[in-house]
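Undergrad: Listed here are the chains, written in short residue letters.
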Amino acid sequence: MIDFELPENIVRLREAIHALATEHMRPISREYDEREHEKPWEFLRMMWEISKGTTITGEADGALREARGTRHLASVVSTEELSWGDAGLYLSIPNAGLGGAAVAAAGTPEQKQRFLARFREGEPKWGAMAITEPGCGSDTAAITTTAVRDGDHWVLNGTKIFCTSGLMAAEKSEGFVVVWATVDRSAGRAGIKAFVVDHHTPGMKVTKVEKKLGIRVSDTATLVFEDCRIPLDNILGSPEVEKERKEGFKGAMATFDATRPVVAASAIGVGRAALDFTREALEKAGIRIRYGTPPTKLTAVERDFMDMEANLQAARLLTWRAAWMMDRGMRNNLEASMCKAKAGLAVTRVTQKAVEILGPLGYSRKYLLEKWMRDAKINDIFEGTQQINLLIVARRIFGYSSRELN
Amino acid sequence: MVGFEPSEDQKLVQETVRSFAREQIRPRARDADETGEIPAALVEQAWGLGLVQGTVPEAYGGFGNELSAVTGALVAEELGWGDLSIALHILAPSLVTVPLLEFGTEAQKREVLPTYTGENFRAATAALVEPRFGFDPAEMETVAEKKNGGWILRGHKCFVPLADEAEHMLVYARTGGPGLENVGVFLVRRGTPGVEILEREKNMGIKGLRTFEVRLSDVRLPAEARLETGEAGVRRLLDRSRVALAALAVGVSRAAFEYARDYAKERKAFGVAIAQKQAIAFMVAEMAIEIDATRLLVWEAAWKLDRGEDATREAVLAKQYAAERALEITDNAVQVLGGHGYIRDHPVEMWLRNARGFATFEGLAIV
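Protein chains in written order, with our numbering: chain G, 1 to 406; chain D, 1 to 367.
Just so you know, not all the hints are guaranteed correct.
[To be verified] Which bits of chain D does chain G cover? Going by a derived footprint, with three or more residues having C-beta under 8 Å, they are: (1) 3-10; (2) 124-135; (3) 187-200; (4) 282-288; (5) 315-324.
[Stated by the list, open to error] Pairwise CB distance ranges, derived in the manner of DEER restraints: (6) G:S138 - D:G134: 44 to 52 Å; (7) G:T22 - D:E228: 38 to 46 Å; (8) G:E31 - D:G177: 47 to 55 Å; (9) D:V43 - G:A16: 49 to 57 Å; (10) G:R290 - D:E106: 32 to 40 Å; (11) G:T293 - D:A223: 26 to 34 Å; (12) D:G339 - G:T293: 35 to 43 Å; (13) D:E106 - G:T22: 32 to 40 Å; (14) D:G134 - G:G69: 49 to 57 Å; (15) G:E280 - D:G339: 45 to 53 Å; (16) G:E123 - D:F270: 56 to 64 Å; (17) D:E66 - G:D276: 31 to 39 Å; (18) G:E15 - D:E309: 18 to 26 Å.
Quick caveat, the hints were computed from the structure, so don't treat them as lab data.
Keep in mind the model is a prediction, meaning the values are calculated, not measured.
Here a beta-carbon is modelled for each residue, glycine too, at the ideal position from N, C-alpha and C.
The following block holds chain D by itself, in its conformation from the complex (with noise of 0.2 Å):
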């Protein structure tokens, strides 16, 4: 029956995450855009709300709650609003604990998991993108090779976050022909021989995220390494993954918006605030259209993968429309502080450069 209401246990979830990213994650946004560094007592208190654990049975030491991607929209929406690189980092375990979840054989889970349920946070990460025009994961050039039983990994990767710190690290790699359903998933642990971790990326933005090229030369894995996706799998974590930036970039878009709307209201020009003429009310009112309209389309995409559905066109869908819309919403809200907008002292120039990411981000986030 068609809803639009959280469930009081998601409600709860979301106002906690919204506290947290209120109180702990915005105050430190800035700082760690212009450092380039996540001060790791602010990652261990996020560890503390438990939102990887959390999905992670207890039989593998978690708390035992539905992974559901509802609710990882929820949440991804609220560390998005708070800041992107933080939340990118604070939820970099779900790369390796969420596929391990859907896709991971016992043996892997058993060995896995118990590494992201324990009382400190450990980095985690997924190599999917690759440095070249054009990616595609259905023709990647990363190739896993069968051999003498096991898997020879070949192939150069980039956009992998934390890679210099994660006890594991998935990736994905081609293992025949074009087409997703010819692509692998590898766990790989960490200080396997022929990964190497290149020099730390500089990005345009989520500038607090330390983020690496990887370069994978004869990376030789056992036959256990390889998680079951089967035919449909790869297709099912890439469109969860397209979900959770999705919500991240509602969330980056909420923030933007808010802090226009404010900022419109306070501002005065001809003897009115800025908010009261047209020009800049139709701006923000149309930020607050689209995004409660891209929420929807976010909500249901993850409705439909929570359904066990294939879910590709709306998360396709929701992904590119959220991208384009974050991208929009930021930069009219640069654009409503005018010079104020461009300065640094103000976050919305951060978040503009935030928000162009999103039509490049690719497997950084899943729920």
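Just chain G, with the same shape it has in the complex (with noise of 0.2 Å):
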């Protein structure tokens, strides 16, 4: 069937996690931003209380569970609300994150109780992923990052950039990173593995936190790795290296395939909360869009608002398909990178219109809309920037390789 009406569970969840954010996020959203690495101890307690703190790890609880069938569509539904209050602080809710998408998706039993039951218990836990190299962004088969094997461990040497939540995950809580090193160099995207270490790793360690354009509040880390010895079962996947069927770095790929609409749907809550602020801002002043009015007769201001709604919501549209997709167990490769592409360049788009458009209300730090068009940018960037993601959608509609087209 097409349809776009939401099931009524979600459609709960999505109002609860509304009143959350109006009254627990937007209120501090300032604050934590000019303070940048400062964290909001009393919200992510909170939060870490209410969720016991997964959403894409495949251990969701509660409303979440009761979404039989649709987790993923609940999961984007929740995202673009918690964003829609603030994207930094959404980002630094502490869960099993990236690096726990990566074990739900490539782990064994074994490895996702050890890793990710600690997420349902105890004091606040960050997972992370720490791919990027000061030498390589995505262009992943350049990794440097080495895994050598000696007797019972795997021992990491390199240093990763911009890991999302890693400090936390590293040395702030009982949490973990997930490592892309390379077993063999020579091997190219064969010989990439991904490698959880645990909280505290002797080896392991935090030596910058970036200071960003938007989402400050989120810690964007620097970890490097010297001598980590980590034990051998701490692979994700098999430590062959299968020149054929590559099978390690697909199955980390495949995480980008869950995690990207939710990237999409931060991106959404943000362009949104930009959309809100404008549509308030412009009735305040007596302008109401008049759809329906032939654009001759319309407003420069009302062209631009209706254009940058009609974005967001084909943006919306096609995150959801891909999240929908999952849920039925379609591969949505295509679809997932469809969705993070198109609505990473539409929030971008949207929330710098919103700024122009408010001028003085817009550009004054007094609001908020200054910051979520700093915030929104991120989203044209992490997880695969806007080109990247272009470039899997060109790929997979000509049917070339990625040696093919590169």
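Each of the two chains sits in its own frame; use the hints to bring them together as a complex.
TA: Below, the structure written as structure tokens:
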């Protein structure tokens, strides 16, 4: 069926999260943006208690468990709502995060138990994923961090940057970091494996927390690995370098099929915040959007607003579709990249246009709109830049391998 | 419950129309554009698909399928993929049947609908747009005046498809002050005195479709000629029309995208296919994303219509978005083909001319 009605339990979930975002996120939004690296512990503890923490690891609880067969749809809807509250705070919420998604996608049952069970108990914890290096971003096959087998251990050496919640996962909680490293540089992609490094493992050190354009409350860490020894069975997937099948790499890449729609949803939440703010400001000024009035009679502001609205809704529907496909067990690699590429660009433009339309109201730090514009931009960058996602879409459309189109 | 897959019945319809568009419509698209004529045999063949008469209840001779804007959008996309002129010609009878099904009186349905459920195609049309700057359906210059228990219509319309052969024409006219609630929809039979079909229009695109200016000079109609559109009916008809046009635009966009995609894989430059160059690959990827994005906006608006809800916002946004994307996508398709795209041996220049029209088209199709 072609249908756009959310199931009732997801509507209830959305309403609950909207209330939470209004009450607990918006009021501290500006403060923690300005204080940059400080954590809003009261809020984080509250979120930990509410969720005991996972939305994308497959360990969903409460309202999410109720949403049988609609888990990913519930996830994108709730993510939009949390990011409508504050995208930086949303990213800071203690949970298994991207690291958890990787364990859920590629880990054995034993690994899932060992690394994910902790997110249901005790103190707040974070999971993180470390891929990017100073010399490589999207080109993950160029990873230089090495994992060398030494008896009962893997020994990791290298530097990872731009690791979201890396500080919280590695040093400020009993979390873990999933680190991508090569076991055989001559094997290219086939040599790239993912390793789980537990919190406070000797040899793993946070050396820097980045100062950023936006999402300032979320920590983005540099992690240095120096002869960091981890147990043999902390590898996700097979240690074999299978040049033909590339299972390890593909397993890790599959993580993105699950997480890109969530990032898209987060983007849309920020965009919607900006759109709501703009609509309210226009209404206060006596400007109503006249749908159905011929374009020749519309003001430029009305046309811009409709354009923003349509772009955002288009991105939202692409995102819902990608999530819906996952809920039905369909492969959504193409659709996940489509929604991410569309949403990242759409909200970047929507928030920038909103600042332009509202002038001083938009540019002033008295209001949150300028912050949303700064926050929005990250969605066009992380989890695969706009261009990387276009590349993935293009390869699928043309039926090209990464060697044929790069 | 959220879903993105047509029902089994809808898929069947979609597949049928898709093959028809591929096998029958597309091969005749260029000729229709060049000659300005659509072969009658093709129109008859299309009639056999039952797209128009399908949604007419059995009591009036139809097949009694549900009138669904979502199904209509699926059909329109496939036909639009085949060719826009031919699609608009084939669907023209809906311009009368759909409004009648929604807002016709029992007597109107009984009299008119059987005309469009027979063995053969019969043309019908609607006259909405007027030839002047800033046309606004809420402030039309065509007026319907109440006189002696009937109506007198005066005005000047354009973009009236198949006006020369239409058995019935629905005329949209103002019955009072500004506002869509004051717009009346009137059923005008062929040959009614005062209706003057002017010269065939010459357009930049949709050249296969015959469209006309129509002058209405003191056209006297009985009281019963008006449809029962009430307060919100005309708005709903305009929304249905927006959805139809937006769906057609998705079809045109998809045609251009597929052609550019295939060309880019074939065409070599600097030793590789041009599709292997990011400058081209990204353009084509963006086309694909925007086509899916637009289609979902169209489906959502259609879905709201089918639920009987006010869908003006969704329909307006979908139509506007679809019109802009269609222009962008067809233009980029010409660009991907470069010089070859400009030559009439390839269809992309035709699709660009056709797509340009969507910003102008109103009331030219309905689902």
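Undergrad: Which earlier hints can't be squared with this structure?
TA: Hints 3, 13 not satisfied by this model.
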